[in-house]
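Asks: For reference, the chains in residue letters:
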Amino acid sequence: MAETAGTFPRPARRLWALAGLLAALSLLFLFWHLRGPTGFILSLRATRLAALILVGAATGMATVLFQTVAANRLLTPGIVGIDALFIFLQTALVATLGGLGYALLPEFGRFLAETALLTLAATALFGLLLRRGAGDVTRMILTGVILGVLLRGLAELAQRMLDPSEFAVVQQAMFASFGSVPTGALWMAAVVLVGAGALAIAMAPALDVAALGRPTARGLGLAHDRLAVAALMLVAAMVAVATALVGPVTFLGLIAAALGRVLAGTYRHAVLLPAAGLSGAAILVAGQFVFERLLGLHSTLAVLVEFFGGLLFLALVLNRRSA
Amino acid sequence: MIEVRSLSYAAGATPILHEVGLDLAPRGITALIGPNGAGKSTLLHCIAGLARPGAGTVRIDGLDPFAVPDRRRARQVALLQQSPTVASRLRVAELVGFGRWPHHAGRPGPEDARVVAEALTAFELDALAARPLDTLSGGQRQRAMVAMAYAQATPWLLLDEPLNALDPRHARDLMARLHDLSRPGPDGRAVVVVLHDINAAALWADRVVAMKDGRVIASAGADEVLRAEILEEVFDTRFEIVPHRGRQLVVTL
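Line by line, the protein sequences are chains A and B. So the first sequence is residues 1 to 323, counted in our numbering. So the second sequence is residues 324 to 576, counted in our numbering.
Hints listed in this document are in silico derivations from the structure and should not be mistaken for laboratory results. Computed from a predicted structure; not experimentally measured.
The calculated label-pair distances, taken between Cβ atoms and stated as ranges, are:
#1 Ala450(B) / Phe308(A): 40 to 48 angstroms
#2 His519(B) / Leu142(A): 33 to 41 angstroms
#3 Gly153(A) / Glu441(B): 56 to 64 angstroms
#4 Ser331(B) / Thr96(A): 53 to 61 angstroms
#5 Leu295(A) / Gly335(B): 56 to 64 angstroms
#6 Ala12(A) / Ser460(B): 28 to 36 angstroms
Okay, the calculated bits of chain B under chain A, using three or more residues with CB under 8 angstroms as the criterion:
#7 394-404
#8 420-433
Sample of chain A residues at the chain B side, in silico, Cβ under 7 angstroms:
#9 Pro205
#10 Val209
#11 Pro215
#12 Arg218
#13 Gly219
#14 Leu220
#15 Gly221
#16 Ala223
#17 Tyr267
Here a beta-carbon is modelled for each residue, glycine too, at the ideal position from N, C-alpha and C.
Turn these sequences into a full structure, and let the hints guide you.
Replies: Here it is, written out as structure tokens:
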């Protein structure tokens with residue numbers, strides 16, 4: 001394959017261009033209008049930048065993995081209810097501890113507990129529902145959607161019983177926020193996400209075969225079901241860590257994966273995964289830069305990502321129907 | 324030799340194959356014919372080790388396809404399935420290259436490139452090598468899928484309705500190519516092919532297996548199976564066999 005690919009466009013160049021764009025955006029994010037105590041501001045911005053890059057890259061790569069295993073490019077891992085579980089957890093914590101108690105929780109401890117719980121929930125969902133083989137992906141997704149609706153319903157019910165100040169605390173947690181990220185959590189997230197990303201890229205040749213569909217892939221001698229379970233475990237870890245770090249960004253993965261596919265211009269996961277990761281990171285860094293520095297607005301990037309992600313989802317559905 | 328013994332398979336509570344027993348010769352073309360729902364595709368999947376039977380055994384040249392590692396199995400038998408999905412942006416040469424996966428597991432070498440080039444030429448795909456699959460016609464895509472199975476370089480090539488979507492010229496060319504491939508020689512393959520065109524079976528197959536309701540009704544040389552009384556029993560309709568240039572032409576009445 002490598003030999004015949006020589007006559008085709010070179011996706012690796014596009015990958016380097018994307019990496020260059022992200023580097024330029026990162027420099028802009030760090031050094032734009034740098035005034036006052038430079039060291040302190042730079043450290044603050046660097047922490048935020050690291051969170052943006054990690055979450056964007058992990059979400060983009062996790063979405064490509066999920067789409068390959070599910071053989072559906074309209075899906076994001078968020079659809080199986082991980083986001084809903086996160087919101088339910090926040091609501092339950094505020095309802096139990098009160099707004100002040102919630103705010104006083106140690107950030108790192110909360111991050112660890114939430115990561116563990118979200119990973120456990122996703123692993124249980126993927127693992128239990130795939131016992132009959134990866135052919136059960138559709139059943140897993142449907143169960144995840146139903147569980148998500150149930151958790152959202154329960155969270156909304158609990159939110160109605162909160163007083164307005166406590167509800168405001170929950171509302172803030174319902175959208176991803178890159179404003180304050182605990183440094184300890186960031187280091188741990190970096191280790192998990194970089195490790196999971198490296199494992200995903202190591203699986204790239206097998207994922208290329210898996211993208212042919214389960215029957216063809218099995219016919220070619222790929223242990224498809226084992227690969228699917230391994231890929232979904234990586235998805236669970238990446239999405240859980242990213243969500244616990246900043247909150248839910250359901251549609252970011254969809255935008256990053258779609259953009260990554262267009263920019264990569266290839267089916268090869270060795271290029272697709274980094275392209276989706278770089279796209280996700282670039283979207284978040286560029287978006288946060290525009291909102292934070294140019295427009296002077298805060299904490300609205302996630303809303304905009306969801307808005308455009310929703311529109312893209314509709315466009316993909318309509319495009320598929322007309323195809 | 325493929326040996327199928329007392330093979331039964333059920334999809335849930337619905338039985339598909341009943342106690343199938345069959346020997347397939349290691350050279351030539353064997354055509355599987357029968358009405359829709361006869362169990363032809365399921366039988367191919369069981370032989371290829373992709374559908375585990377409820378009872379019975381399969382041996383491919385002595386190898387149990389369910390007891391060996393997946394890649395080892397895929398080096399012994401290739402199966403072209405009906406209507407396989409393909410990733411968009413995948414080009415013809417890349418798809419054919421996937422046929423080499425059981426041999427290189429993601430690290431292709433010069434031998435893999437040589438076999439891919441040979442497969443492209445064998446199925447007249449050189450001019451289409453760089454074309455994305457989603458820009459091809461159904462027939463062109465089908466030829467690319469057959470070339471991928473060919474590139475697997477297995478002693479056994481199982482093809483489930485490979486003539487689907489092919490025009491008469493390409494259908495004829497494909498069968499002629501399979502016929503050449505299946506002749507004895509160092510690169511000779513045994514081809515087992517599901518056909519709905521009985522005349523294609525009459526023209527190209529060395530042996531024919533006729534199936535109905537999950538059972539083998541007849542398995543013998545093409546001239547022995549393609550007789551009006553057997554075809555009428557299998558398809559529940561009337562046929563007339565007309566001699567034509569030394570072969571049999573099957574006419575549905």
